[in-house]
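J.: Spelled out, the chains give:
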Amino acid sequence: MVQLKQIKLLTTEYNQFILITEQVMGLVRESNIKNGMVHVITKHTTTGITVNESLECLESDIEEFLTRLVPEHLPYAHARMLPDYGSTAGNPTGHLKAHLTGNHCHFVISDGDVLKGDAQDIYFCEFDGPAQRTVLVQVIGE
Amino acid sequence: MVQLKQIKLLTTEYNQFILITEQVMGLVRESNIKNGMVHVITKHTTTGITVNESLECLESDIEEFLTRLVPEHLPYAHARMLPDYGSTAGNPTGHLKAHLTGNHCHFVISDGDVLKGDAQDIYFCEFDGPAQRTVLVQVIGE
Amino acid sequence: MVQLKQIKLLTTEYNQFILITEQVMGLVRESNIKNGMVHVITKHTTTGITVNESLECLESDIEEFLTRLVPEHLPYAHARMLPDYGSTAGNPTGHLKAHLTGNHCHFVISDGDVLKGDAQDIYFCEFDGPAQRTVLVQVIGE
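Chains as they are written, first to last, in full-length UniProt numbering: chain A, 1 to 142; chain P, 1 to 142; chain X, 1 to 142.
I should point out that these hints are in silico values taken from the structure, not numbers from a laboratory.
Where hints are given, some of them may not hold.
One copy or any two copies: either way a pair holds, since identical chains are not told apart in the list.
Result set (DSS-like, lysine-lysine): computed pairs, CA atoms no more than 25 angstroms apart in a straight line [stated by the list, open to error]:
id : residue 1 : residue 2
1  : LYS43     : LYS116
2  : LYS116    : LYS5
3  : LYS8      : LYS116
4  : LYS5      : LYS34
Just chain A, with the same shape it has in the complex:
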C-alpha cells in the first residue's frame, strides 16, 4: 500500500530550521499503514531535510556551522548572470548547504508507531528563503 501527502511551508527567513515531526507523524497515522516506512523528501535544491535534536541552541549551531563551511563572500561561479533566468543567481550557498545536509529522511513504522529515537526530530531546512516550499511524505507498507 502506498499513500502520498504533501506538507506546504512558507518560510520567512534566509536560513531557517522548521520542525515538521508532528506533521509527518500525523500523516503516518492518517495513512492507516501499520508496518512499513515513511519517506520525507523535499522538492527543492536550496533546502534540506535532516534529523536532529530539537533545541534552539543546536539549530543556531548547525546554521553557524554551515555558514562557516559555506561563507557568503566567496567568489562562487553560480553568483553571476544566468541568461536562462534573466537575472543574477544569488543562492550558491543554498545549493552547497543542501549538498551537505541531504534532501530526505526515513523512519520505520512498526505496529502503527513511528520508531523514532527520543531525541530525533525532523527538520525542514531553508537555505534560500523566504520561499514557498513543498515536502513529499510517502508512507509505504501494509
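Knowing the structure of chain A, use the given hints to seat chains P and X on it.
T.: For chains P and X alone, coordinates are given in the frame of chain A:
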C-alpha cells in the same frame, strides 16, 4: 512483506567507527525476503550511518576530517547549561558530525543477495560515546 | 512489485558530475510501476549520488567546495602503502568527498510520474576517476 530487527551496540570510544555489515547481511538472510530493500537507520542524533571502504587508515582519516571541520574548542551555543537536562550539554560536535554523516543507508536485495559493491561496508559512527546505541534494520520486499 | 536495473558509466575525469536524471526516469517508465519509490544507489565508495540543480556553474561550485573542504595535499593516513593492494592508495580525498555527498537518492512515483521538483536533477558524482562505475536503480511499488 516487512521484517524489522535491531542491532544493539555498546560503544567504547568518544568517536568510533564500528562495522555492522555482517550483522545487517545476517538479518537480511533471516528475513527470507528475496527481492527488496534493506534500510539501516540509527535511533540517535549524535551518531551516523555511512557506507565506505573498511580500512583502518580510512576510519582515522574520516575521524580526523570530521574533527577538522567540527573542532571541539569552538564556542558552540549547545555547550551551555540546559535547564531541561539539569546539566551542561557537552556534545554539540556530535550533533554536527551527525549532520554531515547522515543517519541511514540502504542496500538493494536481489534474488536473496545484498547488492553491495566490493568496497562497500556499513559503518555505525559514534560521535558522543561511550553509549548504548540501537540501530533499526528493516527488510521490505517479496 | 520490485524492478531492478543498472546504469553503467565510464567516467573520464578525476572529479566529474554526470547527470543521470533521464536514464532514471526512463527506467521508471519501463518498470510499469505507477505508485511507489525509485531508489538510486551507487556501488562504489569514492563516488556519490546527489540531487541538485543542473547548472555548469553549480557543478564547478560543488567541485571547488568539496576540494576546499578536502584538499589533496593533507597528510591522510590512507595515502600510504597498502599491503593488501600491493600499492599505495592515492584516493583518500575521494572517500571523504563521498562521505560528505552520500551514496543514494530517492524519488516518489505517483500515478506513473516521478515527483521531482522543477530544479531537481540527479547527479552521479565521480571523485576518483576515470573509472567504470555502476549505479543500481530499484523501482518498488504497485
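J.: Which earlier hints can't be squared with this structure?
T.: none
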